[in-house]
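There are 2 protein chains.
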Amino acid sequence: MASIQESIKKDFGIEFSDQKLLLEAFTQGNYLNEHPEEGGRDYQRLEFLGDSVMQLIVADYLFTRYPDWEEGQLTEMRIAMVQSKSFSHFARLAHFDRYIRLGKGEELSGARNRDGLLEDIWEAFVGALYKDQGAKAVFDFLNQIFFPAVDAGFFEEFIDYKSKLQELLQRDGSVDIEYKVVKEDLSDAQKPHFEVAVFVDGQPLGSGSGRSIKIAEKKAAKVAYGDVLPK
Amino acid sequence: MASIQESIKKDFGIEFSDQKLLLEAFTQGNYLNEHPEEGGRDYQRLEFLGDSVMQLIVADYLFTRYPDWEEGQLTEMRIAMVQSKSFSHFARLAHFDRYIRLGKGEELSGARNRDGLLEDIWEAFVGALYKDQGAKAVFDFLNQIFFPAVDAGFFEEFIDYKSKLQELLQRDGSVDIEYKVVKEDLSDAQKPHFEVAVFVDGQPLGSGSGRSIKIAEKKAAKVAYGDVLPK
Chain C
1 MASIQESIKK DFGIEFSDQK LLLEAFTQGN YLNEHPEEGG RDYQRLEFLG DSVMQLIVAD
61 YLFTRYPDWE EGQLTEMRIA MVQSKSFSHF ARLAHFDRYI RLGKGEELSG ARNRDGLLED
121 IWEAFVGALY KDQGAKAVFD FLNQIFFPAV DAGFFEEFID YKSKLQELLQ RDGSVDIEYK
181 VVKEDLSDAQ KPHFEVAVFV DGQPLGSGSG RSIKIAEKKA AKVAYGDVLP K
Chain H
1 MASIQESIKK DFGIEFSDQK LLLEAFTQGN YLNEHPEEGG RDYQRLEFLG DSVMQLIVAD
61 YLFTRYPDWE EGQLTEMRIA MVQSKSFSHF ARLAHFDRYI RLGKGEELSG ARNRDGLLED
121 IWEAFVGALY KDQGAKAVFD FLNQIFFPAV DAGFFEEFID YKSKLQELLQ RDGSVDIEYK
181 VVKEDLSDAQ KPHFEVAVFV DGQPLGSGSG RSIKIAEKKA AKVAYGDVLP K
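The listed protein sequences derive, respectively, from chains C and H.
Numbering of the first sequence is given in the UniProt record's numbering, commencing with residue 1 and proceeding in unit increments.
Numbering of the second sequence is given in the UniProt record's numbering, commencing with residue 1 and proceeding in unit increments.
In case anyone wonders, no lab produced these hints; they're calculated from the structure.
It should be emphasised that the depicted structure is a prediction, and the values quoted were computed from it without experimental measurement.
A few of these clues could be false.
Stated by the list, open to error - Result set (BS3-like, lysine-lysine): computed pairs, CA atoms no more than 27 Å apart in a straight line: (1) C:LYS136 to C:LYS9; (2) C:LYS20 to H:LYS136; (3) H:LYS10 to H:LYS136; (4) H:LYS136 to C:LYS136; (5) H:LYS136 to H:LYS9; (6) C:LYS85 to C:LYS104; (7) H:LYS136 to H:LYS20; (8) C:LYS191 to C:LYS180; (9) C:LYS136 to H:LYS20.
Only chain C is shown next, with the shape it has when bound in the complex (with noise of 0.2 Å):
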């Protein structure tokens, strides 16, 4: 079996000058109490730094690839993908999962695959990084595989444009938001297809499609927010 170094080098190009770091990162709790010989800490405390780590990284990106961007915009694209689903995803995704040293019990229960503890390793490894090669190191290796996810739309699916529409609308009173399909093709019943427009008080603001109402009115909404939204 591969170590861990091996593994991140073939699939990162990351060589860890400072392997107990790197094995930290990778150990939960009960695993140390259950081999006592091996010493060390578990991934708890990068997880605190990882958390920083990611979410300044995460803010510098954002600042500089959207110029124009206010700052409601930046802390908005932030939360959704500095949040749990999404680090539990990318943390499986790095093939994580196979990396944790568990402990007995929580091996047993299926923690290896449970997000909450997928989160934390992903924070302990990125914290770890910036440790032992510092932000340049964790930046390069989110290029990898983080931040491409933002040009596949991936984040989109965190930020809930319906409600944010409604509450921009109605910051300043009641108003009618009406979502309607205004073109459906169900001929191919493989790849459906809808449009949807959202009127506000009778008038269309904006529409979308995609190949559910939902992901349609999503889209509908997001381009009425973002017509909306003060410039």
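Model the placement of chain H on the given structure of chain C, informed by the hints.
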């Protein structure tokens, strides 16, 4: 009048490569509305970035300085350090209030001395410094004005040790917690001195002293909290 750059250089030895970034950090939105000829942006995007910069630099500082602290202690101290009251205090200490370019209405309403604005400006300056010169420069700046306050006990006031002790002790059911003045010296009216002990179910768990009962109680709670905390 000295420019912001001259003052920052004199006080902290910091010279910005990008003067626009420095100016942006000290510019409030309405100032720009009143001086459209100046162009540029207000501080808000830099504040977004600086918020994360403070989180990380402080996390890294604590992680490195306190190798024996658990995640919980690190998090608690970071929260005490990275918050509004702390930032507005240091913004004043650094004379940042003098440099803000405010709109006339804000000036008249006293915004220059408002905690909320000073906190934002602190973060914006830190964001600008990070963008201009990187994490190391921010660390050096904080080493001049912010981190020394750790040793002076400045951030302790933001940690509510009495509540924390109570939470910790009552995790597994109700216990009786009592603070008693065990010694007091009022012979010098200018320098009263109190010693307080905290008793848990009748057993003394820690004591502390100070110029008021409130301060002595807090110190006693801190000592007891440190002793009870799972290692």
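Going down the list of hints, with the structure as the test:
1. C:LYS136 to C:LYS9: holds, 17 Å
2. C:LYS20 to H:LYS136: At roughly 25 Å apart (the allowed maximum being 27 Å), H:LYS136 and C:LYS20 satisfy the hint.
3. H:LYS10 to H:LYS136: holds, 19 Å
4. H:LYS136 to C:LYS136: holds, 13 Å
5. H:LYS136 to H:LYS9: Holds, at roughly 17 Å.
6. C:LYS85 to C:LYS104: Since the Cα atoms of C:LYS85 and C:LYS104 sit roughly 25 Å apart, the hinted pair holds (cutoff 27 Å).
7. H:LYS136 to H:LYS20: Measuring from Cα to Cα gives roughly 21 Å; hence the hint holds.
8. C:LYS191 to C:LYS180: holds, 20 Å
9. C:LYS136 to H:LYS20: holds, 25 Å
Consistency note: the structure conflicts with none of the earlier hints.
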